[in-house]
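Engineer: Protein chains in written order, with this note's numbering: chain U, 91 to 358; chain R, 32 to 224; chain E, 3 to 261.
The hints are simulated quantities; they were obtained by calculation from the structure and are not laboratory data.
Beta carbons: idealized from backbone N, C-alpha and C, even for Gly.
Fair warning: there could be bad hints in the mix.
Claimed, not checked - Mimicking DSSO-like on lysine-lysine, the simulated pairs with C-alpha atoms at most 30 angstroms apart in a straight line are:
(1) U:315 with U:272
(2) R:84 with R:116
(3) U:139 with U:315
(4) R:116 with E:193
(5) R:84 with E:193
(6) U:139 with U:172
Unchecked claim - Sample of chain E residues with no beta-carbon within 10 angstroms of chain U, all distances over it, derived:
(7) 3
(8) 20
(9) 21
(10) 65
(11) 183
(12) 192
(13) 224
(14) 228
(15) 245
(16) 249
(17) 253
(18) 254
(19) 256
(20) 260
To be verified - Here are the in silico distance ranges between beta carbons for each label pair:
(21) E:39 with U:307: 46 to 54 angstroms
(22) E:37 with R:95: 47 to 55 angstroms
(23) R:35 with U:107: 49 to 57 angstroms
(24) E:37 with U:191: 14 to 22 angstroms
(25) R:134 with E:260: 49 to 57 angstroms
(26) E:42 with U:145: 30 to 38 angstroms
(27) U:230 with E:39: 46 to 54 angstroms
(28) R:95 with E:233: 55 to 63 angstroms
(29) U:146 with E:15: 31 to 39 angstroms
(30) U:92 with R:35: 47 to 55 angstroms
(31) E:16 with R:135: 50 to 58 angstroms
(32) R:85 with E:37: 40 to 48 angstroms
(33) U:339 with E:19: 15 to 23 angstroms
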Amino acid sequence: MPQPVVQIRDLRFARGERVIFDGIDLDTLPGTVTAIMGPSGTGKTTLLKLIGGQLQPQSGSIRVQGEEVPKLGRPALYRLRKRMGMLFQSGALLTDIDVFDNIAYPIREHTRLPEALVRHLVLMKLEAVGLRGAAGLMPAELSGGMARRVALARAIALDPLMVMYDEPFTGQDPISMGILVKLIRELNNALGLTSIVVSHDVRETSAIADYAYLLSDGRVMDHGKPDDLWKSGSEWTHQFLHGEPDGPVAFHYPAPGFRDDLMSGGRV
Amino acid sequence: MNTRTVEITVGLFVALGMAALFMLAMQVSNLSTLGSNDGYEITASFQNIGGLKVRAPVTVSGVRVGRVDAISYDFKTFEAVVTMKIGSEYQGFPEDTSASIFTAGLLGEQYVALEPGGSMTNLVNGSRIQLTQSALVMEQIIGQFLYSAAGKKPEESQNKPAGLQETTQAPQQTTEAPQQTTEESQKTTEESQ
Amino acid sequence: MLDAFQGLGRLALHFFQRLGRGHLFLLQTLASVPGMLLRPGLVVRQMYSVGVLTLVIILVSGLFVGMVMGLQGYNTLVDFGAEESLGVLVALSLVRELGPVVAALLFAGRAGSALAAEIGLMKATEQLSGMEMMAVDPVQRVIAPRFLAAFLCMPLLAATFSAVGIYGGHFVGVGLLGVDDGAFWAQMQAKVDWYDDVMNGVIKSIVFGFIAGWIALFEGYDAVPTAEGVSGATTRTVVHTALAVLGLDFVLTALMFGD
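Model the full assembly from the supplied sequences, consistent with the hints where possible.
Structural biologist: Here is the structure:
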């Protein structure tokens with residue numbers, strides 16, 4: 091069994107009083123697409139920030155390629171981040187420079203390649219996401235889907251070993267969604283990446299994931315190959331994946347009996 | 032906005048700022064007169080320097096020739112020692128030049144006025160001016176006025192504080208102890224009658 | 003009752019936390035400043051948006067302040083027969099106080115608020131986060147050039163303000179009200195000291211530039227990444243910078259011009 095790229099053991103993280111993660115175990119094998127799914131607000135984005143070292147856990151271990159991320163000093167952390175690509179929900183493009191410069195940014199910052207070579211690299215990345223013609227546009231002129239694709243091109247600009255996708259499908263029209271789904275899978279295979287996709291678009295994500303983790307209430311509720319999860323017996327998993335309105339996650343917010351409430355006459 | 036235009040405008044902006052500073056230096060302030068530090072130092076001792084400050088002007092016949100560099104106190108002679116820097120272009124003050132502390136206008140700042148004497152030898156770097164006249168002190172002037180209004184006899188001038196004598200007479204030599212000044216002034220008062 | 007104390011305690015802790023964060027931020031920024039010598043292009047770009055674009059309001063305000071001083075100064079001095087000293091009055095007021103202080107306040111209003119809003123929006127749109135994940139230190143690439151630009155532009159703006167103001171005072175006093183041209187400049191040159199007055203004014207403006215840059219950039223960097231958060235950061239920048247400049251002005255004046 092090959093060494094996992096990302097290995098999380100017994101992760102505990104709280105924001106103030108609120109406990110976000112209460113003992114998470116997670117593995118991502120190299121060359122695979124790992125999905126992390128769960129209801130809104132479970133802290134999926136927070137998990138990506140923890141892996142990237144932007145947040146510190148209270149306890150537990152987060153290893154990326156064997157290195158303990160929370161214990162890394164600044165220079166070592168920055169070196170590690172050069173090998174990670176991250177696609178933010180909004181794209182997070184730099185708004186004052188055009189598409190070409192956005193993708194060239196990490197290349198120019200971290201390498202001393204001549205401009206001619208930089209140009210080739212940028213055009214290659216743009217070609218991979220299908221936006222070579224948009225190289226001269228400003229981020230403000232891009233649609234949401236196009237911005238995400240540019241951000242994806244930027245994330246793979248330095249040929250990282252892994253890419254993290256934060257809710258890539260949210261709010262996309264069917265065609266954009268289809269494009270992104272295809273890109274994530276194909277780039278993963280073509281570049282030998284390890285991808286982590288955080289999403290609650292269960293259908294799309296399950297279609298491209300090799301392995302999935304379902305998180306809720308700060309714990310891993312279930313994990314396995316997507317096919318197994320869909321056929322799984324667990325009630326919660328079933329409700330979540332099939333999108334059933336009622337089940338282990340109740341429809342009704344806890345409240346006293348309806349009849350008594352109506353009869354009491356006072357304010358709620 | 033391309034890089035070239037940006038850089039040109041920033042360059043113009045910095046040039047404008049520098050020009051403003053230059054204008055402030057030349058047109059507005061006294062930088063042009065501060066100029067060279069070369070000149071020669073002379074000292075003078077005063078009983079009372081009044082409100083004289085460092086960098087106060089030193090003038091001769093109203094022309095500014097230097098400035099006060101330092102003010103200190105001599106515990107041996109119990110007098111204030113004023114060190115002045117005279118511009119090197121103003122050479123040739125006689126050794127018996129006197130120094131007085133005057134006030135510019137009625138309530139203005141105080142400055143040192145030199146009055147050339149008649150000696151053959153000149154003041155050089157490190158020379159000490161012997162003849163000095165201290166600054167006017169408000170209280171003493173008022174006291175003199177009150178006394179002269181109250182008592183008419185000149186003999187009562189004994190009661191007058193030492194410094195006042197000097198204002199009514201020619202500049203005197205500064206002496207070792209205040210008592211001697213009073214005695215000397217009493218002698219001159221009697222002599223002049 | 004106890005709630006009030008609790009609230010007060012929380013407020014105090016929050017205040018000190020913020021103060022601590024602000025100082026750590028300043029140290030981080032200062033540490034990145036030497037690196038800027040290798041990337042002058044970034045600083046030049048920021049000097050354009052911070053300095054050049056503030057120049058117009060500085061020029062116009064300086065001119066009008068100088069002209070008003072000429073007018074008001076004349077009206078007061080003429081009662082004492084001292085209208086020849088108008089030059090001294092205008093020059094000393096501008097060079098010692100009004101130049102550095104008013105230029106700093108105008109700077110806070112125009113450039114400071116722009117900086118805070120820009121950084122705040124970059125934070126809200128996750129651009130700063132994105133840069134971090136690309137292994138680019140946002141403090142080095144984004145904050146330090148702007149800080150250096152503010153620091154370098156302030157003395158230039160203050161000097162320009164003073165210079166334009168003096169010419170404004172000259173225009174009103176000599177041109178319109180009949181003060182003698184020679185006396186205007188001669189008295190000024192005698193009374194305005196390069197070290198004590200002009201240089202002290204320049205030192206003041208450098209300190210103000212430091213403070214204005216620091217406050218604007220920190221407010222943006224620390225802003226809550228929402229619309230209200232950025233708007234709050236922008237207004238706080240102007241208010242805090244104004245208070246800091248006026249307070250520091252008193253302290254510096256006491257140090258420089260007191261005994």
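Engineer: Now tell me if each hint is right for this structure.
Structural biologist: Outcome of the hint check:
no.	hint	in the structure
1	U:315 with U:272	19 angstroms, holds
2	R:84 with R:116	14 angstroms, holds
3	U:139 with U:315	24 angstroms, holds
4	R:116 with E:193	19 angstroms, holds
5	R:84 with E:193	14 angstroms, holds
6	U:139 with U:172	15 angstroms, holds
7	3	24 angstroms, holds
8	20	16 angstroms, holds
9	21	20 angstroms, holds
10	65	33 angstroms, holds
11	183	49 angstroms, holds
12	192	51 angstroms, holds
13	224	16 angstroms, holds
14	228	14 angstroms, holds
15	245	31 angstroms, holds
16	249	34 angstroms, holds
17	253	36 angstroms, holds
18	254	36 angstroms, holds
19	256	41 angstroms, holds
20	260	44 angstroms, holds
21	E:39 with U:307: 46 to 54 angstroms	52 angstroms, holds
22	E:37 with R:95: 47 to 55 angstroms	50 angstroms, holds
23	R:35 with U:107: 49 to 57 angstroms	55 angstroms, holds
24	E:37 with U:191: 14 to 22 angstroms	21 angstroms, holds
25	R:134 with E:260: 49 to 57 angstroms	22 angstroms, violated
26	E:42 with U:145: 30 to 38 angstroms	35 angstroms, holds
27	U:230 with E:39: 46 to 54 angstroms	33 angstroms, violated
28	R:95 with E:233: 55 to 63 angstroms	58 angstroms, holds
29	U:146 with E:15: 31 to 39 angstroms	21 angstroms, violated
30	U:92 with R:35: 47 to 55 angstroms	53 angstroms, holds
31	E:16 with R:135: 50 to 58 angstroms	56 angstroms, holds
32	R:85 with E:37: 40 to 48 angstroms	43 angstroms, holds
33	U:339 with E:19: 15 to 23 angstroms	37 angstroms, violated
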